[in-house]
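Chemist: Residue strings, one per chain:
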Amino acid sequence: MNHKSIIIGLIFLPMILSLIIHIDAVTVLKVAKETGQDEMAGMEHEENTNVPNGFSPANPHPNASQPTNATIQNFTYARLKQEGSPVLGNPSSPITIIQFGDFQCRFCGRFARDSEPQINQTYIQTGKINLVFKHFVTHGPDSMSAAMASQCANEQGRFWKFYELLYGNQGEENSGWASVVNLKKFASRIQGMDMTKFNSCVDNQKYKSIIDNDTAFAYKSGFQGTPTFIVEKGDGSNPQVLLGAIPFPVFQAILDKKISGG
Amino acid sequence: MSRENSSSTTRKSSPLVLPFKIVFSKWSYILIAFATALAFWIVSSILNQLLYFTPIVYFYLPEDAVVGFILAIITSLLLGIIVSMNIFVFKNTRTKIKTASFFSGSTLGLLSSTCASCSSLGFLIVSTLGAAGVTASSFLSNYQIPLRLLSIGLLAWAYYSVSRQLMNSCAINRKRPA
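Residue numbers (our numbering), protein chains in the order written: chain A, 192 to 453; chain B, 112 to 289.
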């Protein structure tokens, strides 16, 4: 074998390997999507319409620089729902995932488009886990508008539709795709949305305090990026913090271990 | 290969191809290039949240990451080649290595591997620079592909530069009296 062919082989080897891995990954995703989406077709996201008048910060010591593990453990599903966080799934599920996200975050979008539908189909619809969304606004002013608008959608029980719509139509950061005007246009595409109520809610920044409290908690918790997840037992115990657009198979390994008591 | 054949090859080969042939005629340099490219590709894939090691080893390529992934492979390969060639220059010639374009290209390649605003890098920029940090972090995220292309351009320049260094040192050596 001459040197030329060895060099060419070594240059193209990573490409070929990557291609094989890519094909494998795409196949896995395709299979999961095919099985998932068909069954999901008739399913509606369960919505939380319970919105409290006030919101108490999850961190009882807002001046504390670092939260204790106990602070994160206070995040029970019931408490989060009462505080106005959008929730999805069976309240008595043994495992809760709390997602801290930003609507302009590309990795959050990747999670929402790729992993969340599969988690929904495999674990949420089967009552094994429930999902809670909390805001971690880090990407600039349009992220704040989007977060507030999503809470307004939650008020009408349409948070998860709004979530899908925003992450499905993500544009470049702070380019105007998530401006107040466009957010209202997105909301108007959701069937049954009372636009007068929604517009008034957005214009009055009704849920700003919820967003501020969620974000402050995330910063104080030392979260290093978006999306960040807390996977914990239903009673808020045994929390595990995860960072990034975790693909479904990785999430599956974590969730299965958690469900089996790990 | 006879001396005549060798000089004929030298004359035929482009000044960009000949140094490549000289360096990668040795196994050790091929291995260095491969290891460097692989290491950079792994780091880049981790930063772009495509490669996971725990709790299972898993690589995936979502639609939004395909272009970036291809550019990361090109960057990794260029980086591996340039590192090998620079080591060759360092070991075999007396010329000083010019690393500005190499370091700027590889740093930019690494910086643009991730969604800056989503990661701790963005958090660091925002906490350090405040409102200007949001703009800077958005810039890094929004112009990820052009920045990666720029990093490839810088690495291509680094390759050109190191090739010229090798050719020039060869020319000088040829002119030296025996």
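Rather than coming from a laboratory, the hints here were simulated on the basis of the structure.
One should not assume that every hint holds.
As the list claims (entries may be wrong) - Dumping the calculated SDA-like pairs for lysine to any residue here, alpha-carbon to alpha-carbon at most 20 Å: (1) A:399 / A:448; (2) A:448 / B:146; (3) B:132 / B:150; (4) A:272 / A:367; (5) A:411 / B:241; (6) A:449 / B:132; (7) A:448 / B:166.
Chemist: To test your reading of the hints: which numbers does this structure violate?
Modeler: 1, 2, 3, 4, 6
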